[in-house]
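Going down the list, the sequences are from chains A and B. Anchor point for the first sequence: position 408 equals 478 in our numbering, and the numbering is continuous, going up by one each time. Anchor point for the second sequence: position 374 equals 444 in our numbering, and the numbering is continuous, going up by one each time.
It should be emphasised that the hints constitute simulated quantities derived from the structure, not laboratory data. Certain hints may be false.
Remember, identical chains collapse to one label, so a pair may be satisfied in a single copy or spanning two.
Calculated pairs, DSSO-like style, for lysine-lysine (alpha carbon to alpha carbon, straight line, at most 30 angstroms) [to be verified]:
(1) 245 <-> 324
(2) 322 <-> 245
(3) 297 <-> 249
(4) 249 <-> 324
(5) 249 <-> 467
(6) 436 <-> 249
(7) 322 <-> 436
(8) 436 <-> 245
(9) 324 <-> 436
(10) 245 <-> 297
None of the values given here were measured: they were computed from a predicted structure.
There are 2 protein chains.
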Amino acid sequence: MTGMKRIFLLVVAASVLFPPAAHAAGGNSSYTLLFYLVAILLAAKVMGHLVALLGQPAVLGELLAGILLGNFHLLGINGFEGIVSDPFVNMLAELGILVLLFGVGLESTIRDILRVGLSSLFVAVLGVALPFVLGWGVGAWLIPEASSLAHAFLGATLCATSIGITARVLQDIGKSRDKEARIILGAAVIDDVLGLIILASISGAIVAAGAGEGAFRIGPVALVALKASGFLAVSLFLGTLITPNIFSTAAKLKGPGVLMGISLAFCFLLAHLAGIAGLAPIVGAFAAGLILEPVHFQRFGERNIHYLEEGLRPLTEFLAPVFFVQMGARVDVALLAAPEALWLALALTVAAILGKQACSLGVVEKGVNRWAVGLGMIPRGEVGLIFASIGSALVLKGERIISGTTYTAVVIMVIVTTLVTPPVLKWSLTSRRKRESDG
Amino acid sequence: MTGMKRIFLLVVAASVLFPPAAHAAGGNSSYTLLFYLVAILLAAKVMGHLVALLGQPAVLGELLAGILLGNFHLLGINGFEGIVSDPFVNMLAELGILVLLFGVGLESTIRDILRVGLSSLFVAVLGVALPFVLGWGVGAWLIPEASSLAHAFLGATLCATSIGITARVLQDIGKSRDKEARIILGAAVIDDVLGLIILASISGAIVAAGAGEGAFRIGPVALVALKASGFLAVSLFLGTLITPNIFSTAAKLKGPGVLMGISLAFCFLLAHLAGIAGLAPIVGAFAAGLILEPVHFQRFGERNIHYLEEGLRPLTEFLAPVFFVQMGARVDVALLAAPEALWLALALTVAAILGKQACSLGVVEKGVNRWAVGLGMIPRGEVGLIFASIGSALVLKGERIISGTTYTAVVIMVIVTTLVTPPVLKWSLTSRRKRESDG
Numbered sequence: 071m072t073g074m075k076r077i078f079l080l081v082v083a084a085s086v087l088f089p090p091a092a093h094a095a096g097g098n099s100s101y102t103l104l105f106y107l108v109a110i111l112l113a114a115k116v117m118g119h120l121v122a123l124l125g126q127p128a129v130l131g132e133l134l135a136g137i138l139l140g141n142f143h144l145l146g147i148n149g150f151e152g153i154v155s156d157p158f159v160n161m162l163a164e165l166g167i168l169v170l171l172f173g174v175g176l177e178s179t180i181r182d183i184l185r186v187g188l189s190s191l192f193v194a195v196l197g198v199a200l201p202f203v204l205g206w207g208v209g210a211w212l213i214p215e216a217s218s219l220a221h222a223f224l225g226a227t228l229c230a231t232s233i234g235i236t237a238r239v240l241q242d243i244g245k246s247r248d249k250e251a252r253i254i255l256g257a258a259v260i261d262d263v264l265g266l267i268i269l270a271s272i273s274g275a276i277v278a279a280g281a282g283e284g285a286f287r288i289g290p291v292a293l294v295a296l297k298a299s300g301f302l303a304v305s306l307f308l309g310t311l312i313t314p315n316i317f318s319t320a321a322k323l324k325g326p327g328v329l330m331g332i333s334l335a336f337c338f339l340l341a342h343l344a345g346i347a348g349l350a351p352i353v354g355a356f357a358a359g360l361i362l363e364p365v366h367f368q369r370f371g372e373r374n375i376h377y378l379e380e381g382l383r384p385l386t387e388f389l390a391p392v393f394f395v396q397m398g399a400r401v402d403v404a405l406l407a408a409p410e411a412l413w414l415a416l417a418l419t420v421a422a423i424l425g426k427q428a429c430s431l432g433v434v435e436k437g438v439n440r441w442a443v444g445l446g447m448i449p450r451g452e453v454g455l456i457f458a459s460i461g462s463a464l465v466l467k468g469e470r471i472i473s474g475t476t477y478t479a480v481v482i483m484v485i486v487t488t489l490v491t492p493p494v495l496k497w498s499l500t501s502r503r504k505r506e507s508d509g
Numbered sequence: 071m072t073g074m075k076r077i078f079l080l081v082v083a084a085s086v087l088f089p090p091a092a093h094a095a096g097g098n099s100s101y102t103l104l105f106y107l108v109a110i111l112l113a114a115k116v117m118g119h120l121v122a123l124l125g126q127p128a129v130l131g132e133l134l135a136g137i138l139l140g141n142f143h144l145l146g147i148n149g150f151e152g153i154v155s156d157p158f159v160n161m162l163a164e165l166g167i168l169v170l171l172f173g174v175g176l177e178s179t180i181r182d183i184l185r186v187g188l189s190s191l192f193v194a195v196l197g198v199a200l201p202f203v204l205g206w207g208v209g210a211w212l213i214p215e216a217s218s219l220a221h222a223f224l225g226a227t228l229c230a231t232s233i234g235i236t237a238r239v240l241q242d243i244g245k246s247r248d249k250e251a252r253i254i255l256g257a258a259v260i261d262d263v264l265g266l267i268i269l270a271s272i273s274g275a276i277v278a279a280g281a282g283e284g285a286f287r288i289g290p291v292a293l294v295a296l297k298a299s300g301f302l303a304v305s306l307f308l309g310t311l312i313t314p315n316i317f318s319t320a321a322k323l324k325g326p327g328v329l330m331g332i333s334l335a336f337c338f339l340l341a342h343l344a345g346i347a348g349l350a351p352i353v354g355a356f357a358a359g360l361i362l363e364p365v366h367f368q369r370f371g372e373r374n375i376h377y378l379e380e381g382l383r384p385l386t387e388f389l390a391p392v393f394f395v396q397m398g399a400r401v402d403v404a405l406l407a408a409p410e411a412l413w414l415a416l417a418l419t420v421a422a423i424l425g426k427q428a429c430s431l432g433v434v435e436k437g438v439n440r441w442a443v444g445l446g447m448i449p450r451g452e453v454g455l456i457f458a459s460i461g462s463a464l465v466l467k468g469e470r471i472i473s474g475t476t477y478t479a480v481v482i483m484v485i486v487t488t489l490v491t492p493p494v495l496k497w498s499l500t501s502r503r504k505r506e507s508d509g
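Make a model of the complete structure from these sequences and hints.
As structure tokens, this is what we get:
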């Protein structure tokens with residue numbers, strides 16, 4: 071423990087001796103980024119160590135490290151606020167989650183996912199339907215003065231599943247190739263498409279209501295649905311046809327790092343295209359990982375897919391903590407002081423957690439840990455926040471659809487669902503396995 | 071070759087079908103970055119393949135890939151201009167060169183460098199003195215109408231050594247642990263300090279001349295020299311004392327990626343401090359690599375320094391091409407059409423190349439390929455450009471110290487010294503070695 075204190079003191083000393091503000095005046099923002107990266111990496115590893123002592127997945131430590139760094143200013147320690155808002159930290163965080171999902175996708179093939187496809191579909195539909203109804207109900211019950219469109223929007227924020235946390239937990243505990251993992255990951259992809267359709271529908275309804283029209287037009291919603299499903303269909307099916315060709319060609323290229331370079335280019339290309347189709351770029355990165363199969367790498371000889379998985383690990387070790395620490399740093403603990411938001415937050419959180427447990431009913435396979443599937447779908451993460459912030463930007467009859475209090479409650483719900491998942495998911499997957507091997 | 075064409079067509083097709091402009095309107099700059107990364111990685115690997123067929127180091131291919139992408143607009147193909155100016159590409163390029171120099175530093179220890187320290191010092195001093203005199207002379211000869219301070223500034227742009235190219239070539243051909251490599255790297259670090267002092271002196275003289283003072287004050291120049299040498303002394307000597315402690319503590323931390331996280335944090339911390347001291351951040355990254363020695367990693371058990379070197383490789387494979395492609399993309403081939411700048415550029419280039427050959431006289435060790443040391447010091451890279459752009463911002467008696475034509479000539483000199491180094495350095499190091507083993 072004294073060692074840890076020493077590292078902690080080092081972080082604090084470094085921040086006092088060389089606060090980013092001291093050279094921000096120099097105009098070179100890359101120095102500030104380096105300072106943030108030092109703080110993020112040290113805090114992530116120290117907190118990861120602490121939660122590992124408690125038997126928890128490292129990702130929980132990284133979230134806690136972020137909460138610490140992001141709220142240091144409350145203790146009078148300044149200089150870390152930029153971790154939340156710095157565009158470069160942001161960008162590295164986004165690359166980190168892309169590389170993480172690409173690596174998780176590599177561990178499965180499209181066939182693996184299709185084999186549990188029916189379960190994934192049911193899980194996704196149930197995981198959208200019940201939270202939507204519960205969220206609407208909570209809204210109607212606790213904020214009856216708001217319009218019914220606001221209640222619907224609240225329901226929508228509970229639909230999304232943020233797959234980053236669950237993917238990291240599965241990787242931390244070495245279970246990312248299990249059937250449960252495939253069902254959850256497949257469901258999360260479908261969820262992203264369903265979420266987009268719901269968001270487009272409700273936004274369309276609000277715009278239509280604002281314009282005094284009775285009903286909203288189906289056109290734009292259909293277009294959103296078409297673009298998103300089109301991307302998935304084209305990337306997965308055309309990708310499977312063309313990719314072997316591209317990679318057997320790439321295998322002939324001479325020079326260092328060809329495999330890594332071409333594979334990352336493929337990952338970023340699909341992430342880019344997913345973004346254009348309106349989906350989250352991580353869906354594209356995951357699809358890229360699914361499409362790549364060991365057979366595509368035969369011609370690389372020694373430099374095969376295992377080298378790629380091995381090579382992605384240090385990239386993930388560097389970049390993924392940036393994502394999770396930043397996610398933690400977005401938590402504003404001052405929010406917890408607002409009592410009027412706390413009740414709504416409590417009700418929303420219960421609805422969010424219970425609602426996703428319906429997912430376990432969607433699993434058709436036998437021998438699958440249904441609880442784990444429901445628990446893995448819990449985190450709302452940044453997707454819920456994106457929905458809420460879109461809602462708070464929409465105005466109906468001069469009033470914001472999502473008020474400040476409601477937005478705060480959604481943020482607290484996102485925090486709790488994010489923090490609660492790593493320990494319970496690990497518990498569910500490891501203790502069940504233990505019971506099975508005992509029995 | 072047909073495979074290469076296929077990949078090239080893919081790049082062009084992707085850029086036509088999904089130009090970054092089409093979604094830049096969406097406001098999400100990270101999608102644009104993904105597009106640039108795809109283009110950079112694919113172009114780097116394809117051109118790296120082409121130069122490998124000609125027996126050249128991959129880094130030359132990456133520079134050529136950059137020249138291609140950066141000048142595509144001349145062929146009417148748009149969408150790649152941002153590779154030069156995009157702040158995110160910029161930032162990844164800077165991280166890339168840090169990680170590269172950190173890795174190169176890891177391959178040597180401080181003791182290795184001190185053993186050739188006298189040679190490095192002589193090489194650095196000679197490599198600054200002769201180019202400075204030659205550059206001044208070229209200025210006095212070809213632009214006599216400019217002030218003598220402008221001639222001095224021209225001399226200063228020829229002093230700097232850009233170590234990135236040489237470090238990559240040494241790594242590409244597997245010679246980064248050789249004595250020649252250590253002499254060049256040590257000299258480049260000293261060069262950076264000397265360059266800073268020269269830049270501060272001349273800028274000080276210009277400011278003093280502008281204020282009508284006869285002589286410039288020594289104070290600010292001494293401060294710059296003190297800060298830079300202070301950083302090196304403190305980081306290398308104190309670093310050597312404290313680091314074993316920090317790393318034996320870090321080895322006790324549980325959780326994934328501790329070694330990579332703490333090591334990168336150490337690299338970024340020293341790069342950050344070097345930046346504060348006024349040195350190039352890569353000097354700090356290189357120092358961090360030098361300080362870390364295998365003995366610090368004993369307690370990591372399996373996760374030893376070789377794992378760190380192995381783990382840095384994919385990071386470098388991803389990020390270093392971003393640096394070299396961007397460096398190439400900065401080349402504006404339209405500049406070559408300006409005849410009045412071409413003569414000055416030619417004279418400067420000859421002075422730059424010949425001037426650094428004096429370096430070979432500074433080597434005191436026997437059995438060292440002196441030619442290779444001189445050739446390895448040739449590239450001026452971004453350091454020369456930074457000097458020139460500082461000069462073009464300085465005004466004396468209403469006139470810019472560095473005129474547009476002079477700046478263009480400096481840019482061409484930087485291009486030529488950068489492109490000429492990889493082939494000649496490889497030739498010198500591999501053919502001499504062959505002759506030795508033959509004899």
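Hint check:
no., hint, verdict
1, 245 <-> 324, "between (35 angstroms within a copy, 19 angstroms between copies)"
2, 322 <-> 245, "between (34 angstroms within a copy, 25 angstroms between copies)"
3, 297 <-> 249, "within (29 angstroms within a copy, 58 angstroms between copies)"
4, 249 <-> 324, "between (38 angstroms within a copy, 28 angstroms between copies)"
5, 249 <-> 467, "neither (48 angstroms within a copy, 76 angstroms between copies)"
6, 436 <-> 249, "within (10 angstroms within a copy, 64 angstroms between copies)"
7, 322 <-> 436, "neither (44 angstroms within a copy, 42 angstroms between copies)"
8, 436 <-> 245, "within (18 angstroms within a copy, 57 angstroms between copies)"
9, 324 <-> 436, "neither (47 angstroms within a copy, 36 angstroms between copies)"
10, 245 <-> 297, "neither (32 angstroms within a copy, 51 angstroms between copies)"
When held up to the earlier numbered hints, the structure conflicts with 5, 7, 9 and 10 and fits the remainder.
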